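Keeping their order, the protein sequence lines are chains A and B. The first sequence begins at 11 in our numbering and counts up one residue at a time. The second sequence begins at 127 in our numbering and counts up one residue at a time.
Honestly, I wouldn't trust all of these hints.
Said to hold, decoys possible - Here are the simulated lysine to any residue pairs, SDA-like style, with alpha carbons at most 20 Å apart:
(1) Lys368(B) / Val101(A)
(2) Lys98(A) / Cys224(B)
(3) Lys99(A) / Lys368(B)
(4) Lys99(A) / Ile366(B)
(5) Lys431(B) / Ala616(B)
(6) Lys368(B) / Trp170(A)
(7) Lys927(B) / Lys891(B)
(8) Lys71(A) / Tyr226(B)
(9) Lys99(A) / Glu962(B)
(10) Lys246(B) / Arg155(A)
(11) Lys99(A) / Lys699(B)
(12) Lys99(A) / Tyr226(B)
(13) Lys864(B) / Ile845(B)
(14) Lys99(A) / Pro697(B)
(15) Lys99(A) / Glu270(B)
(16) Lys241(B) / Tyr81(A)
(17) Lys368(B) / Pro172(A)
(18) Lys98(A) / Val256(B)
(19) Lys255(B) / His97(A)
(20) Lys146(A) / Tyr226(B)
(21) Lys99(A) / Trp339(B)
(22) Lys99(A) / Lys241(B)
(23) Lys98(A) / Lys758(B)
(24) Lys98(A) / Ser289(B)
(25) Lys99(A) / Glu258(B)
(26) Lys99(A) / Asp671(B)
(27) Lys699(B) / Ala738(B)
(28) Lys99(A) / Asp942(B)
(29) Lys99(A) / Glu232(B)
(30) Lys758(B) / Ile405(B)
(31) Lys246(B) / Pro172(A)
(32) Lys540(B) / Ser289(B)
(33) Lys99(A) / Arg333(B)
(34) Lys99(A) / Cys224(B)
(35) Lys368(B) / His97(A)
Said to hold, decoys possible - Pulled a few chain B residues facing chain A out of the computed Cβ check, cut under 10 Å:
(36) Trp339
(37) Phe684
(38) Arg687
If you're looking for bench data, these hints aren't it; they were derived computationally from the structure. Please read these numbers as outputs of a predicted model, since none were measured by experiment. Even glycine gets a Cβ: it sits at the ideal position worked out from N, Cα and C.
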Amino acid sequence: MRAGKFIQTIFFTEIIKGMALTLRTLFTPPVTRRYPKVKRPVKPGFRGLHALAKNEEGKMKCVGCGLCGAYCPSQCIYIYTSEGEDHKKIVDRYEIEVLRCVYCGFCVEACPFGAITLSEHYEYSDYSREPLYMTKDKLLANWDRYFAGEKGLRYFRDFWRPKAENFSAYEGQAMFDKVKARRKEQK
Amino acid sequence: MITVTINGKEIKLEKAVTVLEAARSAGIKIPTLCWHEQLEKYGGCRLCLVEVEKMPRLQTACTLMVADGMIIRTETDTIAEVRRGVLEFLLINHPLDCPYCDKAGECELQDLVEKYGLTKGRFREQKRKVPEALEDPVLVRNMERCIVCTRCVRMCEGVQGASAISVINRGGHSHIEPFSGGRFDCEYCGNCVSVCPVGAIMSRLHRHSYRPWQLGSETKTVCPYCGVGCTVVVQVRDDIIKRVVPKLGTVVNNGLLCSRGRFGYEFVGNKERLTTPLIRKNGLLEPSTWEEAIRLIASRLSEIKDKHGSNAIAGIASPRCTNEDNYVFQKFMRVAVGTNNIDSTARTGFAGAQGFIENIFGQGATGNIISGLANSDAVFVIGGDPTTINPILGLQIRACSRRGGNILTVGHMKGLRYYTPLELRPSVNTEIALLEGIVSALMKKKGPPGSHPVLEARLKDLNAQEADLPRICGIQGKDFSRFIDTLAEAATPSFVIGKDMIQSKGGSYGLFLVSAINYIVNGRIYLLSERANEQGLLDMGCAPDLFPGYRPITYPEFRKRYENAWKTGLPDKPGLTIFEMMEAAKAGALKCIYVMGENPVFNLPHTKDVEAGLKNLSFLVVQDIFLTETAKMADVVLPALSWAEKDGTFTNMERRIQLVKKAVHREGMEDWKILSEISSNMGVRMNYSDAEEIFGEICRVSPLHRDLNYEEIEKGDAIYPYKGEPLRGSTDEIHIEKSAGREERGKLYLRVERPLFHSGTLSRKAPALVNICPEAVARISPATAAALSLKDGDIVRASSKTGALELPVAVDEAIDDSAVMLSNNFQGKGAFSLMEYEIDPVTKAPCLDSNQIILEKVNR
Ligand code: SF4
Ligand code: SF4
Ligand code: SF4
Ligand code: SF4
Ligand code: SF4
Ligand code: FES
Chain A
11 MRAGKFIQTI
21 FFTEIIKGMA
31 LTLRTLFTPP
41 VTRRYPKVKR
51 PVKPGFRGLH
61 ALAKNEEGKM
71 KCVGCGLCGA
81 YCPSQCIYIY
91 TSEGEDHKKI
101 VDRYEIEVLR
111 CVYCGFCVEA
121 CPFGAITLSE
131 HYEYSDYSRE
141 PLYMTKDKLL
151 ANWDRYFAGE
161 KGLRYFRDFW
171 RPKAENFSAY
181 EGQAMFDKVK
191 ARRKEQK
Chain B
127 MITVTINGKE
137 IKLEKAVTVL
147 EAARSAGIKI
157 PTLCWHEQLE
167 KYGGCRLCLV
177 EVEKMPRLQT
187 ACTLMVADGM
197 IIRTETDTIA
207 EVRRGVLEFL
217 LINHPLDCPY
227 CDKAGECELQ
237 DLVEKYGLTK
247 GRFREQKRKV
257 PEALEDPVLV
267 RNMERCIVCT
277 RCVRMCEGVQ
287 GASAISVINR
297 GGHSHIEPFS
307 GGRFDCEYCG
317 NCVSVCPVGA
327 IMSRLHRHSY
337 RPWQLGSETK
347 TVCPYCGVGC
357 TVVVQVRDDI
367 IKRVVPKLGT
377 VVNNGLLCSR
387 GRFGYEFVGN
397 KERLTTPLIR
407 KNGLLEPSTW
417 EEAIRLIASR
427 LSEIKDKHGS
437 NAIAGIASPR
447 CTNEDNYVFQ
457 KFMRVAVGTN
467 NIDSTARTGF
477 AGAQGFIENI
487 FGQGATGNII
497 SGLANSDAVF
507 VIGGDPTTIN
517 PILGLQIRAC
527 SRRGGNILTV
537 GHMKGLRYYT
547 PLELRPSVNT
557 EIALLEGIVS
567 ALMKKKGPPG
577 SHPVLEARLK
587 DLNAQEADLP
597 RICGIQGKDF
607 SRFIDTLAEA
617 ATPSFVIGKD
627 MIQSKGGSYG
637 LFLVSAINYI
647 VNGRIYLLSE
657 RANEQGLLDM
667 GCAPDLFPGY
677 RPITYPEFRK
687 RYENAWKTGL
697 PDKPGLTIFE
707 MMEAAKAGAL
717 KCIYVMGENP
727 VFNLPHTKDV
737 EAGLKNLSFL
747 VVQDIFLTET
757 AKMADVVLPA
767 LSWAEKDGTF
777 TNMERRIQLV
787 KKAVHREGME
797 DWKILSEISS
807 NMGVRMNYSD
817 AEEIFGEICR
827 VSPLHRDLNY
837 EEIEKGDAIY
847 PYKGEPLRGS
857 TDEIHIEKSA
867 GREERGKLYL
877 RVERPLFHSG
887 TLSRKAPALV
897 NICPEAVARI
907 SPATAAALSL
917 KDGDIVRASS
927 KTGALELPVA
937 VDEAIDDSAV
947 MLSNNFQGKG
957 AFSLMEYEID
967 PVTKAPCLDS
977 NQIILEKVNR
């Protein structure tokens, strides 16, 4: 052991190994990208900036049931509802403090109507908090911006299936599985 | 001893109970939907099915009584299968509304389906469609969601006793509807809302505005309305009260509330609340800073004190403020100002009556446990309908009747009319003669008990003849003898005394007679109290002749103790009562009145007189949460914090001290804080950091509260005299003032209606209560209506010696032919504005029953 270390120190074997790696890497193609000039393609189901979905008529899908806010582990969704003119429930304020969001996607899973979505947009930064406090209008505008056309449809068809469309719960939804498993354990 | 085995656990039971109760006592949960601990058993939903060995089929745990040796299983696969089936049946007609149903999150059906239910329905047919019933201002029914568990019906009929709703239609179309159709014609207790397991009957006050999990806080506190002192839980989101609910298992109201307690909370967030101090400048009230207002009050008070003496200043305390506020108030008046001129609206009845009865029977005679009423075998009610004045106490009387007790009333009590009362309805102004008759008859029947010689001496020369009663009071002999027989046979009778008795001419004599009846049959007395802290205010010494803890100020040795405690000399002359204050103000002897949380212009009879008195003052300070009629006349108005925004204690009519807790935050100062600031500015330092510290001082100086503290109160049974003996024994002297007999038939007399939905000036700032009962009406009997050719809704001009009002009439069978009932709640339409009074020399309460009134139809 002692002798081995002695030889290593005398003949700089580690340095030689290191140099060999450098030399090899010199001739392989680079793995880094020249971000922001070159962007990594986003996979389906990516969890980026929130958007509030609109239905075919262009109306907000959210009914203000508050389930997203109830599940949100960072408790960063604030919803205020009231009784509208026709006695139906209306959503006055739907706000997300995205700076506190951990992008777990629970809100999307909890929503029975597929009204809250996580877009593929992740490039947002600013000099103050205020622009990153998402209000209902901003979130609805995000939908038009990031989920226009076919993209919005695909989001729900391929990945998130809202429970209101099928109550049998999508087996692949991680959250549901975990809760069920935990319940079983508790029993 | 019965032994049963539930899920392998052996349970020993003293007496036979249902399987469900046995399981609960052992901490085993069985799901239920139609069962509710406050209601009669029903056995309708079949969700509580359990397996019992040797019984061929599953049994409903909520109805099956345990038998020795039963072996029960509550969670097997078969049971789960059956429960799932039951739920699936329920969901056949139940909409999938959870996302916008206000019940979601606290819905029993939702929880059960989550636990047992399938995630997929097999039923493909159309669900029943019923539009939401939105006709009612307060309650909304969504009958698609109703699972016909009939909890609401059983609550309304069997507990509340209003019998306003029922199941209509059959089979899959059954649902709940009020007998009155869309709009409820009921007591609006909202107890049906409490028990509905789903979102089928709900309150509209918070409709669609929050979810249970979004609440920021839940605070257990005491209802701000009446002297029953119900425990309420205030649910708050972002400093807005969203809902007030009762709590099961609380001592006073055990999960029940009345309309005021449940729906009357919106005054707290009312936009009209005062926000800054106002100072009168050039005749107008203008906003100012706290410093300016406090400095001004301190300097003006000192100035008046120097120039005219301390007794030129008087203070009016508040039965709506906490004990702590009232304690500091009287201390401020006695120490900083140096006067005993302290009184409150408790003087309009409660204070004098309590003093009178305690004088006969000893301290605490009027403070009996409310729930005890239900166990009485007879309840004697006089002087006002307890089901509207103190609704939760009224429920106990109804419960008493249901358990087989007898209800005996003098006068007609509308809220007890379905409880087979034995009713004596004396003709106008002859109650005293009737009471004399009752006393004489009872004395003849039962003889004097012999334990209270002073009282008996007073009864000696009383000899009313039964035979005269039909002539004098218009009472039938056989009704009277049934009444007397029932009363004489009662082993545990209770006496419920309302304000009308105290506020009638010869009120003290009437009180004496009721006390005598109570004495002969050995009963308990309940004195109805209209305000949340009427009792506590008196305990705190907000009376012209008493120190905190009911120590009379005229006794030098007592005064010495308070002088030592407060380290100052104290005035030894009893001060002015609230009515004497108004007199003195009018006469110019009084220069300044400091009003805390009270509205004398509206809440004292003879409005014009009160106004004249207050106008004559050189300085009027009003500390309140709204710009009341009195505040509008003030020189300085200070905004206070309301009941929901501060800590403290209330003492209810049972003498139970209960914690009031801060539920919402609001900028401002508590009443006691404002007073201590002013006091410090006047050179008398008061340094309290919080309400608890004040309570500590109260417990040191008041012999009634000795050894109490907030922790002890939290346990719920802090009834004073705490760990002690009653302080004031019975006396050897009873003052009575009889009034000359008077009887004027054929005239109309104005009577104060004490409605269920309102209480003074607070409730009119609560939109829900205003929606239920929006305007003042004069109630008259059908005979009066016929005589004056009036019909429902006609506008009349009601005039008395002191004024006139125009308002609609309502024809009501419950009203006596000699009476016109008008409440004292609505701005500019209060009964007190039409009333003059005389002061009863003994109770110092105003007698209001001789106000004649004339109704004339106004043609528009
Ligand atoms: S993604 Fe997760 S943390 Fe972010 S808002 Fe949704 S639930 Fe909350
Ligand atoms: S009553 Fe319960 S189950 Fe029915 S819609 Fe409302 S929350 Fe859902
Ligand atoms: S509010 Fe009270 S009185 Fe009215 S229907 Fe419901 S339970 Fe009956
Ligand atoms: S309204 Fe509610 S409490 Fe009444 S029967 Fe229907 S579900 Fe039961
Ligand atoms: S009975 Fe009195 S204390 Fe109880 S809820 Fe009604 S008003 Fe409040
Ligand atoms: S709870 Fe037993 S049948 Fe409904």
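Outcome of the hint check:
Between Lys368(B) and Val101(A) the CA atoms are separated by roughly 17 Å; this keeps the pair inside 20 Å, and the hint holds. Of the supplied pair hints, the one linking Lys98(A) and Cys224(B) holds, its CA atoms being roughly 14 Å apart against a limit of 20 Å. Distance restraint check for Lys99(A) and Lys368(B): the Cα-Cα separation of roughly 16 Å lies within the 20 Å cut-off, and the hinted pair is therefore satisfied. Restraint check for Lys99(A) and Ile366(B): the C-alpha separation of about 19 Å stays at or below 20 Å, so the hint holds.
Distance restraint check for Lys431(B) and Ala616(B): the Cα-Cα separation of roughly 57 Å exceeds the 20 Å cut-off, and the hinted pair is therefore not satisfied. At most 20 Å may separate the alpha-carbon atoms for a hinted pair to count; Lys368(B) and Trp170(A) exceed this at roughly 34 Å. Between the alpha carbons of Lys927(B) and Lys891(B) the distance comes to roughly 30 Å, so the proposed pair goes past 20 Å and is violated. Proximity of Lys71(A) to Tyr226(B) is assessed by CA-CA distance (about 13 Å); at most 20 Å being required, the pair is judged to hold.
Taken as a hint, the Lys99(A) and Glu962(B) pair is broken in the structure, with Cα atoms around 52 Å apart against an allowance of 20 Å. For a cut-off of 20 Å, the pair hint linking Lys246(B) to Arg155(A) is broken: about 36 Å separates their Cα positions. Our distance criterion of 20 Å between C-alpha atoms is broken by Lys99(A) and Lys699(B), whose separation comes to about 63 Å. Note on Lys99(A) and Tyr226(B): the hinted pairing holds, with a Cα-Cα distance of about 7 Å set against a maximum of 20 Å.
At roughly 35 Å between alpha-carbon atoms, Lys864(B) and Ile845(B) are farther apart than 20 Å, so this suggested pair is violated. Distance restraint check for Lys99(A) and Pro697(B): the Cα-Cα separation of roughly 62 Å exceeds the 20 Å cut-off, and the hinted pair is therefore not satisfied. With a C-alpha separation of about 17 Å, the suggested pair Lys99(A) and Glu270(B) falls inside the 20 Å cut-off, and the hint holds. Of the pairs offered as hints, the one joining Lys241(B) and Tyr81(A) holds, with about 18 Å between alpha carbons and a cut-off of 20 Å not exceeded.
The suggested pairing of Lys368(B) with Pro172(A) is violated, with an alpha-carbon distance near 30 Å, which exceeds 20 Å. A hinted pair counts as satisfied when its Cα atoms are at most 20 Å apart, and Lys98(A) with Val256(B) qualifies at roughly 15 Å. Between Lys255(B) and His97(A) the alpha-carbon distance is near 17 Å, which keeps this suggested pair within the 20 Å criterion. Taken as a hint, the Lys146(A) and Tyr226(B) pair is honoured in the structure, with Cα atoms around 18 Å apart against an allowance of 20 Å.
The suggested pairing of Lys99(A) with Trp339(B) holds, with an alpha-carbon distance near 17 Å, which does not exceed 20 Å. Taking the CA atoms of Lys99(A) and Lys241(B), the gap is about 28 Å. The hint is violated against a cut of 20 Å. Proximity of Lys98(A) to Lys758(B) is assessed by CA-CA distance (about 41 Å); at most 20 Å being required, the pair is judged violated. Among the hinted pairs, Lys98(A) with Ser289(B) is inconsistent with the structure: their alpha-carbon atoms are about 30 Å apart, more than 20 Å.
Our distance criterion of 20 Å between C-alpha atoms is met by Lys99(A) and Glu258(B), whose separation comes to about 13 Å. With a C-alpha separation of about 57 Å, the suggested pairing of Lys99(A) with Asp671(B) is violated against the 20 Å cut-off. This hinted pair does not check out: Lys699(B) and Ala738(B) have alpha carbons roughly 26 Å apart, beyond 20 Å. Pair hint Lys99(A) plus Asp942(B) does not hold up; C-alpha atoms about 47 Å apart against a cutoff of 20 Å.
The suggested pairing of Lys99(A) with Glu232(B) holds, with an alpha-carbon distance near 18 Å, which does not exceed 20 Å. In summary, the hint linking Lys758(B) to Ile405(B) is supported, as the alpha carbons are separated by about 11 Å, within the 20 Å threshold. With a CA separation close to 15 Å, the supplied pair Lys246(B) and Pro172(A) stays within the 20 Å bound. For a cut-off of 20 Å, the pair hint linking Lys540(B) to Ser289(B) stands: about 14 Å separates their Cα positions.
For the given pair, Lys99(A) sits about 8 Å from Arg333(B) by alpha-carbon distance, which is consistent with the 20 Å threshold. For the proposed pair Lys99(A) and Cys224(B), the alpha carbon gap of about 12 Å is at most 20 Å, so the pair holds. Distance check on the hinted pair: Lys368(B) and His97(A) sit about 18 Å apart at the alpha-carbon level, within 20 Å; holds. Of the supplied interface hints, the one on Trp339(B) holds, with its beta-carbon coming within about 5 Å of a beta-carbon of chain A, less than 10 Å.
Interface restraint check: Phe684(B) against chain A, minimum CB-CB distance 57 Å, threshold 10 Å, status violated. At a threshold of 10 Å, the smallest CB-CB gap from Arg687(B) to chain A is about 55 Å, leaving the interface hint violated.
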